[in-house]
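Protein chains in written order, with my numbering: chain A, 1 to 158; chain B, 1 to 960.
One should not assume that every hint holds.
What the hints assert, rightly or not - Label pairs and their calculated CB-CB ranges:
1. B/C183 to A/P86: 45 to 51 Å
2. A/P51 to B/I199: 49 to 55 Å
3. B/P216 to A/V66: 56 to 62 Å
4. B/T808 to A/D74: 55 to 61 Å
As the list claims (entries may be wrong) - Derived contacts from chain A toward chain B, CB cut-off under 10 Å, selection only:
5. D38
6. P118
7. V137
8. A140
What the hints contain is simulated information worked out from the structure, not anything from laboratory work.
For clarity, every value in this text was computed on a predicted model and none was experimentally measured.
Cβ atoms here follow ideal geometry from the backbone N, Cα and C, with glycine treated the same way.
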Amino acid sequence: MEGGTRLENANPLIFQRSGERQLTTEEEDEEFADPIDDREIFDLIRTINDPEHPLSLEELNVVEQVRVRVSDDDSTVSVEFTPTIPHCSMATLIGLSIKVKLLRSLPERFKIDVHITPGAHASEQAVNKQLGDKERVAAALENSHLLEVVNQCLSSRT
Amino acid sequence: MAGNGALLLGLVEQFVTGMQDSKAADTVTGVKKGQFTVLELVEWKGCTMAGNGALLLGLVEQFVTGMQDSKAADTVTGVKKGQFTVLELVEVLGSSLTSSEPRTRGRGIQLLSQVLQQCCTSLSEKEELKGLGADFVFGFVQAIDGEKDPRNLLLAFQIAQNILYRNYELGSFTEELFEVTSCYFPIDFYPPPNDPYGISREELILSLRAVLAGTPRFAEFLLPLLIEKLDSDVQSSKLDSLQTLAACAAGYGHKELKEFLPSLWSSVRREVFQTASEKVESAGLSALRSLTACLSCSVLDSDSEDSLDTFLDLVLKDCQHHLCEPDLKLVWPSTKLLQTAASASYRASYKITAAVVPLLLEQYNNHTQNAQRRTLVEVLQGFIQLPWGSHTEEGDENPLTGYRQPLCALVFSALTESSPTLQTAAVQTLTALGTQPGLLSGEDIDLAADHLTRLVLREEEPQTCSAAMEAAGSLARLHPTAFAFRMVPALKQEIVSAMEECEGRPTAQSQQALRQRSLKALSTVSTHPSLVQETVPIILQALCVSHKGSASFELEEVVSACRSLQQITELAKDSEESGRYFHQTVIPRLLGLAVQASLQGGGAPNPLIEERVLSAMVPIFSTACGCLHTQLAAHTTSLVLSLFLDGDASFLPENNFPLQFQLLKVEVPNTDRLLSELEELSCSCVHPFTHTSAAKCFAGLVNKHPAGEQLDSILKRSVKRIESGLGSDSPNRMQVFTLLLWVSKALLLRYHPLSTILTDKLLSLLVDRELGSLAADGFALLMNDSTDVLNRACHADVRMMYRQRFFTETAPKLVLGFNCAPEERKSSYLKALSHILNSLPRQVQITELPSLLPLLLEALSCPDHGVQLSTLSCLHPLLLDTPQVMTSHLETLLSRLLGLTASPAMKVRITSLQCLKALTRLPEHVVLPSRPRILRALAVPLGDKKRLVRREAVLARGEW
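Generate the whole structure from the sequences, applying the supplied hints.
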């Protein structure tokens, strides 16, 4: 972002952050096995920073818990995200960040699918195709500049 | 360097012979040979002027090239005595200031700055520099132009600061001086990694800022520069510009600022609106504050317009409309800007409040969604809480006074809304309103108390309820009467009516919760002495009823009643009035209740003899006694003591009252008898609570007992008893062990010589089959502060640094013991060690740990989960603070930690993952080789069956 230049969407809507997950007694119980559920996946991605704003994807409503579907038994995760404006040029980057975060945070058995909420972006299909293509994702992450930007999105806010 | 020296030497000689003054030549030679010191010369010979010139040259030369620091002081003396002028000094320095050798330049500048600094008082008297100023400044500007060495720059900035501060004549060189310094702005110097000179970036930034912001005469050059630098992409340069702006605005008047206000404002606004960094934001806000403050106190010319007004209009125009869109991002930055501007001065706050508050009130009515309304209420709260600058005078009216009516209406209506977050925000706003002196009327306060009572008693949402309690607490301090008449009776009603209704019937769950809530509310509200006297009787009454045995009171409730009472005691600690009240009414009453309860015995189960209730009661006494006056305390003590000694001790099987003796500084009568009673009780009683209490009590008294023969004989007796009691066939080993622990602690705290014997005893118990692990845990007790006795609040005799002392004494013994202990007993030693380490202050840990690291690593591979956990929790802060010390053990540490991530105990898995995460703080070249391996290993816990473990694994892996 360059000082003085206008942001694409300078004054976006802000949504409330959901709090920390409540600790249940079952989670403290040694024997009980907690399944990986929607909320857990959502907790992983909700804190990702937006590339443009000092806000998390959750605050911008780019990701919502209802748009996260996980099946622990089938080892599949599906995440839909909604760019704030239909022409958002950052859509691919946001998708890539979500994907990388999940790749790093989930056991290998999971198949991860990240795509744009249907009808939310002008070039929806192109972006989805890029994100779905394993090799393109891998190639993108070889690019050190891109990797740095992704890491910046994923870094915890100080 | 040598050539330079020879050249200068030649110069000196020519100069001297040219003046035909051989005496001076001799002197200089003398000085050079070190035959006499310069000071002696000055005093004894009283040199001629020509001699002075030569002398100065010699001094300068010796200082600059000869690296003799003392010559600077001599030069200073010379200048002070008027032997040479500063101008002459600058001339002589000329060649060294333009030298190509940075060191020579540095020495030259150093000399000049020392002279200027030390002679400034005499100089300003003589007005010497002011007169000659312009030339001097020009010389200076030429001298430092293009300087690159940070050391020299730092000195140069200091000189420049001096020039500005002493108000020297800058003449036509103002711009030159600004140019020559401002070209370094913003500083982007980073010291090399092994910086030998210790010059930090921060130092340079601050000294340059002092120069640039030092005088209003720079304003016309500085402000455009700042505006330009604010456009930069570099974060640090933005930050520096904003901070410099804040610094310089403090010294400017509106005349300097006026021209640049619009562009300054738009730059600041842009930064606050768009930045991602909190630092930049807060720097921007403080720049805005100091701009506004400066405009507020500038004296106006009669013909010029009020620039504060104009500026605030600008601010309002750009920010106000964002407040109308409460769910968009810019609400908060705008709010912050407005609030900052308003907090700068009374006038500013008046103007902004007058514009914003009506707007917010209107917006609240226009928006119907709870989330939007909540944001508006929160924004409003910020404006209510504004500290209106330091310029408030007595007569000034609170800017909010005019809006009291609508504000109250808004807050009260928000309190009845259904959304808990909106309610919470409203409660906080209400507190803010109530704490504004003289804003609310009596009726408003009454209404507020009613609302809060309703929220406290009826609200389902825990968040709102606790916010309401907090608000009640802080408002009750300011308006005690309203709460005494409105809230307290309602709470009492709730407690008492529940008691009457449910006589003989088990209470419903909901009612119980309600009663507990009322009790808690009573305690939070008791923030004023007059309220304490209202609330305490209610709780006492409740306890009384429970004592009478109507089964309606659950154990839980009695405990919470005691807790409430204790909380009140804490709150009322500072007030003498309440202290006396507690002493005269509360303590005798409580004691009476407890004694009666235990006397009844058998029969109906009485909650007051339950251990938990009694342990909840003890802190009440402790706190109350801790703050009593000596006289009162003595009285209470003698009362309780006679109860304990002269009553039949056997009838109080759960007697714990003596605990409070230790609190008192006063002489306790009959100590000897008391001590032997206690010792007996602690060694023989089978009831665990009683013998522990007795042991604690004994320890407390021993800790305070004045040293001397009496104490020695008491201790001798008990040590003997302990030794015999610990024999493996003794029936009371447990009890004696407890006594041993507490007595060791008591002696350890006061550095008593006998403590070593006792702790050695404890160490030897580590290999004991039965008591080994208990003894290891005992070390935790020795090292940590206990809440009820032997702490500073009880006036115990606690020496400084007793932990460190104990550690240095014990650690070698532990290591030794560990090495010779049989395999299956080693874990006790490790556990004891990690307990001691855990309680040591961080600095000591860091210095001591490296030597103990091998042992700790050993502890990680010990199969006991407890040992693993305590070692990990000891390592973790260390890894966070100073990971360097681990570098040499990294390989072992890593494999141990990675092994522990598969431990069957969840907590061990979690902490080991946290430690692994902390390891990422090591320098890259150290950790990089292990990275692939760790990433692979961390993939396993990602699939852990426990969510908490997975969460840590995600964090750790993300870091790697």
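A quick look at each hint next to the structure:
| no. | hint | verdict |
| --- | --- | --- |
| 1 | B/C183 to A/P86: 45 to 51 Å | holds, 48 Å |
| 2 | A/P51 to B/I199: 49 to 55 Å | violated, 37 Å |
| 3 | B/P216 to A/V66: 56 to 62 Å | holds, 60 Å |
| 4 | B/T808 to A/D74: 55 to 61 Å | holds, 60 Å |
| 5 | D38 | violated, 13 Å |
| 6 | P118 | violated, 25 Å |
| 7 | V137 | violated, 18 Å |
| 8 | A140 | violated, 19 Å |
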